[in-house]
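Residue numbers (our numbering), protein chains in the order written: chain A, 11 to 279; chain B, 522 to 828.
Since the hints were made in silico from the structure, they are not lab data. Beta carbons are placed, not taken as given, at the ideal position from N, Cα and C, and that holds for glycine. Any given hint could turn out to be false.
If you anchor each label on the Cβ, the simulated ranges turn out as follows [claimed, not checked]: (1) B:Ala770 to A:Lys170: 43 to 49 Å; (2) B:Gln766 to A:Glu147: 52 to 58 Å; (3) B:Thr560 to A:Lys145: 49 to 55 Å; (4) A:Tyr142 to B:Ile771: 52 to 58 Å; (5) A:Tyr39 to B:Ala783: 56 to 62 Å; (6) B:Leu618 to A:Lys170: 30 to 36 Å; (7) B:Ala558 to A:Ser140: 47 to 53 Å; (8) B:Gly675 to A:Asp100: 53 to 59 Å; (9) A:Pro139 to B:Leu618: 36 to 42 Å; (10) A:Ser163 to B:Ala558: 53 to 59 Å; (11) A:Glu80 to B:Ala764: 55 to 61 Å.
One-letter residues, chain by chain:
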Amino acid sequence: MTATQNSAPLQIPGRDGYSVHVNDFSLWYGNFQALFNVNINIKQGIITSMIGPSGCGKSTMLRSLNRINERYGNVKTTGSITILGKNILDEDVSVATLRKSVGMVFQRPNPLPISIFDNVLFGLKSHTPSGYHSKRELEDLVEQSLSEVGLWSEVKDQLKRKATELTLEQQQKLCIGRLLPLKPEIILMDEPCSALDAAGIERIEALIGGMRGRFTILMVTHNMAQARRASDECIFMLMGEIIEHTPTLDLFMNPVHEKTAMYIEGRYG
Amino acid sequence: MPDSTRKTRVNKSLLSDRFEKPIEWLIKICGWSSLAALTAILIFILKGAGPMISKINWVEFFTSTKWVPSPGTGNEPHYGILAMLVGTLSTTALALLISVPLGLAAAVYISEFATGKVKEFLKVLLELLAAIPSIVWGFIGLMVLAPLIQNWFGVQQGRNLLNGGIVLGLMSVPLIVSLSEDALRAVPDAYREAALALGASKWEIVFRVLFPAARNGLLAAVMLGLGRAIGETMAALLATGHANQIPSAITDPVRTITATIAAEMGEAPKNSDHYHVLFILGLVLFVITGVVNVVADLVIKGTKKHV
């Protein structure tokens, strides 16, 4: 554990240097317990990766942070998850507003089957009354967002084109870009590169790296090399528990737990 | 022993090779049979229409409402179908006005909102609804709806355009629901998840994601519902009032092309002019449905290109 994690948090909600506090969080799918008393504090503005063998609960943990894992019902939780000073598991929380602050990028790029332009603005239109932004403002937002993910020059003449016709890499860039108009605090990424080829992975990783500082990024990956080169802190999970959470280099160079050492050496998983 | 097993294996592969070609042909024939059936139907109708195709006054046919197919001796027959054409189109339009919103809403509910037993129950119920014979629907129009309409609107005749539209609309609902539900279910779940993760509500997902994504399937569902409403005969005969006039109000009785054929085919002497004209009515229906289908196809292709 690092020194900062143990120091007392400042009393400004959500602005204590951390974006996410997970306290004693357990989760069940029906009778199956997927997470056991998880405690994590995710620092603001850095890239944190989550690694671990398949079925260790890393995706479940990630998908709990925007509560998208509740969509199939049958989910029970205990403990708390505090984001922006608010326990997101409270009953009075609006999941729509939560998902505005906590964006998500999926394993398989999933642009909506509408135009590129409409994809970028889809989230914004859900959260603002119609006519709130002028046409000019919306066009500027689209240009800004697409420029930020390096897609503007490629698609600026075909904004009306259906987004599902883009290449996978372009689709994934669009999926990142469409979060930006919502100005999220946190971006969750569930194996964001696993559908891409090597060159695509490199470019998406560079893009994610460039977002460091402005967003808190939490990235699940099954690719240890990726966790190592693309993240600042790393969380190792096993069987629904957090085994180790340290700066990435420490985790790979001097793992504290034997299980972590075994996993990163590829002895199981 | 090893020799004999090898032998059987060789034989088997020879056998399947021998069947490969005939099976391919069989499948090919099945595929082309729909075209053959369509051609045969067209030939049958044209043959039935026979000499009247050249004898009939086509201008009068489409512009007159005078339908006197079997006049008394010494009088001229009149074959004007304008009123029936209006009757068919207006009942169909009214039917769609009822069945499309109802059918789409029901499909959205079943596919996106209902779960578990409720969903299964509703699907079974819809299948039952689809299996009700059209004559029973006609009875419902005749015995249930007609008195209600008479009371509510204070009209003399409860069998009218409104009655026919409602009955034909309700009849097309199960078809539209089941096809629309298929179309909605075929939309990849990743789209719903993507929209949810952006903070969209369920309703936004329905209108902004599912409808655009399932547009072709939904349009196909509406087209088949339209086909059912245009082609329905028995229920139309019983519910519309069967009066050969252009309606001026929604509570006016009307007459459809299908009902005319059904009602008059029995009394028209075989190979009389009347008999042949009824086949021409069939040809008109054939052309209407053909045009509707082609237009729908073009609409689907057009929207595909633009979006």
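Structure-based check of all given hints:
1. About 45 Å separates the C-beta atoms of B:Ala770 and A:Lys170, a value consistent with the hinted range of 43 to 49 Å.
2. Distance hint check: the CB atoms of B:Gln766 and A:Glu147 are about 57 Å apart, consistent with the given range 52 to 58 Å.
3. Against the hinted window of 49 to 55 Å, the Cβ-Cβ separation of B:Thr560 and A:Lys145 comes to about 53 Å, which satisfies the hint.
4. Hint check: A:Tyr142 to B:Ile771, Cβ distance near 41 Å, so the stated range 52 to 58 Å is violated.
5. For the hinted restraint 56 to 62 Å between A:Tyr39 and B:Ala783, the CB-CB distance of approximately 58 Å keeps it satisfied.
6. Look at B:Leu618 against A:Lys170: about 32 Å separates their beta carbons, and that is inside 30 to 36 Å.
7. Against the hinted window of 47 to 53 Å, the Cβ-Cβ separation of B:Ala558 and A:Ser140 comes to about 50 Å, which satisfies the hint.
8. A hinted range of 53 to 59 Å for the beta carbons of B:Gly675 and A:Asp100 is consistent with their spacing of about 58 Å.
9. At roughly 30 Å, the beta carbons of A:Pro139 and B:Leu618 sit outside the given window of 36 to 42 Å.
10. Checking the proposed 53 to 59 Å range against A:Ser163 and B:Ala558 shows it holds: the Cβ atoms sit about 54 Å from each other.
11. Distance hint check: the CB atoms of A:Glu80 and B:Ala764 are about 59 Å apart, consistent with the given range 55 to 61 Å.
Violation of the numbered hints given earlier is confined to hints 4, 9; the remaining hints are satisfied by the structure.
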